[in-house]
Amino acid sequence: MSAYTEGSEIRDTKAPSGPIEERWEKRKFSAKLVNPANKRKLHVIVVGTGLAGGSAAATLGELGYNVTSFCYQDSPRRAHSIAAQGGINAAKNYRGDGDSIYRLFYDTVKGGDFRARESNVYRLAQVSVNIIDQAVAQGVPFAREYGGLLDTRSFGGAQVSRTFYARGQTGQQLLLGAYQALERQVAAGSVTMHTRHEMLDLIVSDGRARGVIVRDMVTGEIERHVADAVVLATGGYGNVFFLSTNAKGCNTTAIWRAHERGAYFANPCYTQIHPTCIPVSGEYQSKLTLMSESLRNDGRVWVPLRKNDSRAPGDIPEQERDYYLERIYPAFGNLVPRDIASRAAKNVCDEGRGVGPGGLGVYLDFRDAIGRLGRDAVEKKYGNLFEMYERITGENPYDVPMRIYPAVHYTMGGLWVDYDLQSTIPGLFVIGEANFSDHGANRLGASALMQGLADGYFVLPTTIGDYLADGPFSDVDEEAVAAAEIKVRDKIDRLLSVNGTRTPDSFHRELGKLMWDYCGMERTEESLRKALERIPELRAEFWRNVKVTGTAEELNQVLEKAGRVADFFDLAELMCLDALVRTESCGGHFRAESQDSDGEALRDDERFAHVSAWERTPDGPVLHKESLEYEYVKMTQRSYK
Amino acid sequence: MNLTLRVWRQSGPSADGRMVTYRVEDISPDMSFLEMLDVLNERLILEGDDPIAFDHDCREGICGMCGMVINGVAHGEQRATTTCQLHMRHFEDGATITVEPWRAAPFPVVKDLVVDRSAFDRIIQAGGFVSVPAGSAPDAHSVPVRKEDADAAFDAATCIGCGACVAACPNGSASLFTAAKITHLSLLPQGQPERVSRAKAMVDQMDAEGFGGCTNTGECTAVCPKGIPLDTIAQMNSDYLKANTK
Amino acid sequence: MGSSNGKKAVMAVTGAVMVLFLVLHMLGNLKIFFGRDSFNDYAHALRTLLEPIAPYRTVLTIVEIVLVASVVLHMWAAISLARRAGKARPVKYVAKKSQAGGYATHIMRFGGLTIALFVVWHLLDLTFGVVNPEGFDSAPADRMVEGFDASRWWVTLIYVVAVVMVGLHLRHGVWSAFQTLGWANRARNKTLRLGAGLLAAVLVIGFLAPPLAITFGVVQ
Ligand SMILES: Cc1cc2nc3c(=O)[nH]c(=O)nc-3n(C[C@H](O)[C@H](O)[C@H](O)COP(=O)(O)OP(=O)(O)OC[C@H]3O[C@@H](n4cnc5c(N)ncnc54)[C@H](O)[C@@H]3O)c2cc1C
Ligand code: HEM
Ligand code: HEM
Ligand code: SF4
Ligand code: F3S
Ligand code: FES
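Residue numbers (my numbering), protein chains in the order written: chain P, 1 to 641; chain W, 1 to 246; chain F, 1 to 220.
Heads up, a few of these hints could be off.
Unchecked claim - Calculated cross-link-like contacts (lysine-lysine; reagent style DSSO-like; alpha-carbon spacing at most 30 Å):
#1 P:LYS380 / W:LYS147
#2 F:LYS190 / W:LYS147
#3 P:LYS625 / P:LYS530
#4 P:LYS14 / P:LYS32
#5 P:LYS547 / P:LYS491
#6 F:LYS97 / F:LYS87
#7 W:LYS200 / F:LYS190
#8 F:LYS190 / P:LYS381
#9 W:LYS242 / F:LYS87
#10 P:LYS39 / P:LYS28
#11 F:LYS87 / W:LYS200
#12 W:LYS147 / P:LYS381
#13 P:LYS14 / P:LYS634
#14 F:LYS190 / W:LYS242
#15 P:LYS380 / F:LYS92
No lab work stands behind these hints: they were computed from the structure.
Pulled out of the complex, with its shape left as it was, chain P reads as follows:
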């Protein structure tokens, strides 16, 4: 399926014009306010309790709205945001090292390879400072200096030190802050929390999003929940690759089924691959573990010069080692951006010079660092990471160099939203990693936590009011609800009735491998066409031959898995199509056909300075373009030579 039709242009109608630093103020003022007496009557559903959903539900509850919140884990505290390690950016300029809202804005637009909206990004940078204040007031134990003030570090190749962190567990501490705020509202009765509930469809009634169909994962009961507005904060879809740094439960089901109900899906092909993950050790591998990027500050990346050199790393003399990053990028060396480091690793492994099982790994060597700084200094800096590495691999990085390999980490794409974070379905708002906004074609390190909390604590609570001010809305059309419920039940019954000979996981693995090979770090017209041919075949086999044990009326993890895999097939297809249509290279999307003489990603701003928003129709996908203008940051090709 590579056929699609091109539809009308779309525009972000909510973004105010005028000087960029005044736009958010303008919008806040122009947004209608909800009469406090009315708030209790206004019912908002928030799906997801990560940084975005947790902070949003807590804040909306605090404001007095009647909120119902869902997550698939057994507690809102376990949302995948918990795994974020490195830190969170904010333009506080506490160090006086020349940081500013404008610089954070500039870095984010440039880092996003000029595929993000200036207005959104500027607002993000503005709000970033309030996030830190909010988190500290909640008791988030950020790292501090002896003076008692907050410590910061520079992250992901930024020249300023603007990343706030809580040891290697920044996401955990920020999420627990939001979680505690959320539980406070649950106790206050303003938020009703449903854990172990999976959203399986969106209820759309006369053109508005009016609720969700969820499955109680313990009893299997299919429940209807109606409301005046629905917020999706269901995270990223990196698990379409099966192996990724995402949690096992991360899925695309919520946003995909909203997409099936009419919400446009933007830039699905933008995928961030993280260069420093622990390599696959075998067929059984169930997920990949990220190791903080900071390791590249002192570790040196190399592979043997010779192909399939089977010697132990220690036996390979200096002159037979290829420190390829330092060789190709003398200026930045081991600190080149994520996508460049990742692709370089893939290339040397494709040349047959990779190390470890299956030749899918490169060395990250601390021998010189230990020699230079001493073992203790290295231990102080990276001790916990080394421990984690040893726990997983059984190898001691003080003696043997670490083996690392790139892994899928973050998905920039997501449901299309306007400046108000509202999707193309009125009343459906999308926040956090689930939407496409702010990061363009590539996300800077420590910016996802910032975006999730900006959306949830500060942006959505204001903009959703503008929509709800017209509510409460008329009764929901029973037909629509029943139809949605039937669709959900049918899908479940179909999955249970196939009773084939392959497990959902085996299909997921195969799909993931296919996506990694054909739509991964490097994409070509040929590979993408191959994928677009294979995916429908595999999907057909899935529906013919999948085996789902048990019943629908119990806790059934096989059924849950099967439902998610089914949606991944459809998403995978759209990702490949989007990647095929975007013949340029930009950020997290590298088309081999579009590179300069030194193999650098080559953008094509003439033809592709736009957001690709996909609509799903009975007669195939329709592409709507939202063109991007840059009034403040001048478009340039990046170079790290």
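Let chain P serve as the given structure and place chains W and F with the ligands on it in line with the hints.
Just chains W and F with the ligands now, with coordinates in the frame of chain P:
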């Protein structure tokens, strides 16, 4: 390696369960414990049996979703390690491994190794927070915090809410979990205004949920994957007694 | 006081009272080494304390009341906590392995119980002399010296076992009391545990010296 597993199987909350024995062949020492169970489950599915239900999500030791009692020890004998981070290289080839769910009245079994830990959420609801509406916060630097306090608060705050402390406690007490949160917030200036009321509310909720009382046996810290120290419990006791003598 | 933490506090305070008594009690017992008379004087003094302001045995009676109250409260707390613990884990583990040595888990409750039984017997023996060859109306010192006579080696044995139990109980208990009352912390813990061990050791030695000395005929 080849192993024999004795696993608790229970089809539902009200059903009565039993230990069932399974053989698993050619397991790689590099597998995690959960990956070993994945292998078994894939086989069970193909054989048309119900695979073993267990909770898990991040599989990198931070979400707190996973947890089972392995050979009589919560999260297994490897110290400071969650079940998902426990690797098979720590087991003998040919060994027999018993796997049971967390056992505590406030943690009723949902299915097989899956238990209901919502009691923890209710303990947090009782007071495990600082009341601060979004947008109302002063500048982050308006109140400096001693590095020592910030670090100690962080250590307590690393609790992942897994419930191993309860599972290991001979009294089925949730003291370490509750104390970790109370201590985290008690050590920071931001936590002071609600400090005493928080301790009382959370401890009373812990009792109301039906957890046992602490008799300082120290089993909890020993299995805690984050090594939450026992003195958090002393901190909790002191805050609690203050609340009741005020 | 009804809460699990409240009960723990009761246990700590009553425990502390009992410890205090034991220390004094031990010192008193050691007087036997200064001869029967000095011991009898002490026993007498106990009863005639503050006379004539307070009538015969007033102070001692008060002490006894406080003691009895402590033991009762202490046991009440121990038992209701144990009950609570039982309710908190209705289904037991098939396999259970302690990771903290299981010391406190096992010693405290059973140890405590043996101590309780001992005290009862002990009172019958040396306070009321019911099970003592010398009988009730005899000089305490005689009761003691006869009581621990080599021919009654098994009595001595009972005391040895009991006192050791007390020692084990306090080795954990004293530190535990500090923890319960919220006075323990990372910095102090080492010292506290050491102190508890020392106190326990001193009590054991101090308590065992007289009976053993008598049994082996060092004191006639
Ligand atoms: C290993 C790792 C490290 C990272 N480190 C950093 C970092 O250092 N800095 C940084 O800025 N970013 C980092 N990121 C990225 C960042 O963590 C995520 O992008 C961000 O946390 C996403 O938050 P979220 O709230 O949008 O979604 P999530 O936190 O993923 O929450 C999703 C929520 O939706 C719920 N949900 C999902 N599907 C359904 C459904 N169908 N029905 C019901 N509920 C559903 C889930 O239960 C969950 O509550 C990291 C990511 C990973 C994987
Ligand atoms: C009468 C029978 C007794 C029983 C059943 C008993 C039982 C217990 C139990 C179960 C504990 C709780 C363990 C803990 O909290 O650490 C405890 C603690 C303690 N016991 Fe006893 N005990 C008894 C007698 C004594 C005696 C005679 C003394 C003193 C000489 C004593 C001193 C203590 C102390 C100091 C503690 C620590 C209190 C605390 O932990 O808060 N106990 N006892
Ligand atoms: C082995 C050493 C011990 C000896 C030789 C000893 C001796 C005595 C004697 C002689 C008395 C009677 C005092 C009197 O009536 O004037 C007495 C009373 C008592 N002893 Fe001991 N005792 C010993 C250990 C203990 C221990 C270990 C405990 C408690 C755990 C204990 C608790 C008591 C109590 C509660 C009384 C009653 C006090 C009173 O009547 O006021 N004794 N002991
Ligand atoms: S205290 Fe430790 S064991 Fe208990 S829930 Fe927290 S992390 Fe788990
Ligand atoms: S194991 Fe239990 S008894 Fe107290 S010290 Fe830990 S809670
Ligand atoms: S699965 Fe998240 S901690 Fe084990």
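Taking the hints in turn, this is what the structure says about them:
With a C-alpha separation of about 17 Å, the suggested pair LYS380 of chain P and LYS147 of chain W falls inside the 30 Å cut-off, and the hint holds. A C-alpha spacing of about 24 Å is found between LYS190 of chain F and LYS147 of chain W, which places the hinted pair at or below 30 Å, so the restraint holds. Among the hinted pairs, LYS625 of chain P with LYS530 of chain P is consistent with the structure: their alpha-carbon atoms are about 25 Å apart, no more than 30 Å. About 13 Å separates the Cα atoms of LYS14 of chain P and LYS32 of chain P, which keeps this hinted pair within 30 Å; it holds.
Proposed proximity of LYS547 of chain P and LYS491 of chain P is supported: the alpha carbons are some 14 Å apart, at most 30 Å. Annotation: proposed proximity of LYS97 of chain F to LYS87 of chain F holds, straight-line Cα distance about 20 Å (limit 30 Å). Using a Cα cut-off of 30 Å, the hinted pair LYS200 of chain W and LYS190 of chain F holds, with the two alpha carbons roughly 28 Å apart. For the hint linking LYS190 of chain F to LYS381 of chain P, the alpha-carbon distance of about 29 Å falls within 30 Å, and the restraint holds.
Distance restraint check for LYS242 of chain W and LYS87 of chain F: the Cα-Cα separation of roughly 28 Å lies within the 30 Å cut-off, and the hinted pair is therefore satisfied. Proximity of LYS39 of chain P to LYS28 of chain P is assessed by CA-CA distance (about 18 Å); at most 30 Å being required, the pair is judged to hold. Distance check on the hinted pair: LYS87 of chain F and LYS200 of chain W sit about 22 Å apart at the alpha-carbon level, within 30 Å; holds. As the CA atoms of LYS147 of chain W and LYS381 of chain P are separated by approximately 17 Å, the hinted pair is consistent with the 30 Å bound.
Simply put, LYS14 of chain P and LYS634 of chain P have alpha-carbon atoms about 24 Å apart, close enough for the 30 Å limit, and the pair holds. The straight-line distance between the Cα atoms of LYS190 of chain F and LYS242 of chain W is roughly 25 Å, inside the 30 Å bound, and the hint therefore holds. Restraint check for LYS380 of chain P and LYS92 of chain F: not satisfied, since their Cα atoms lie roughly 43 Å apart, outside the 30 Å limit.
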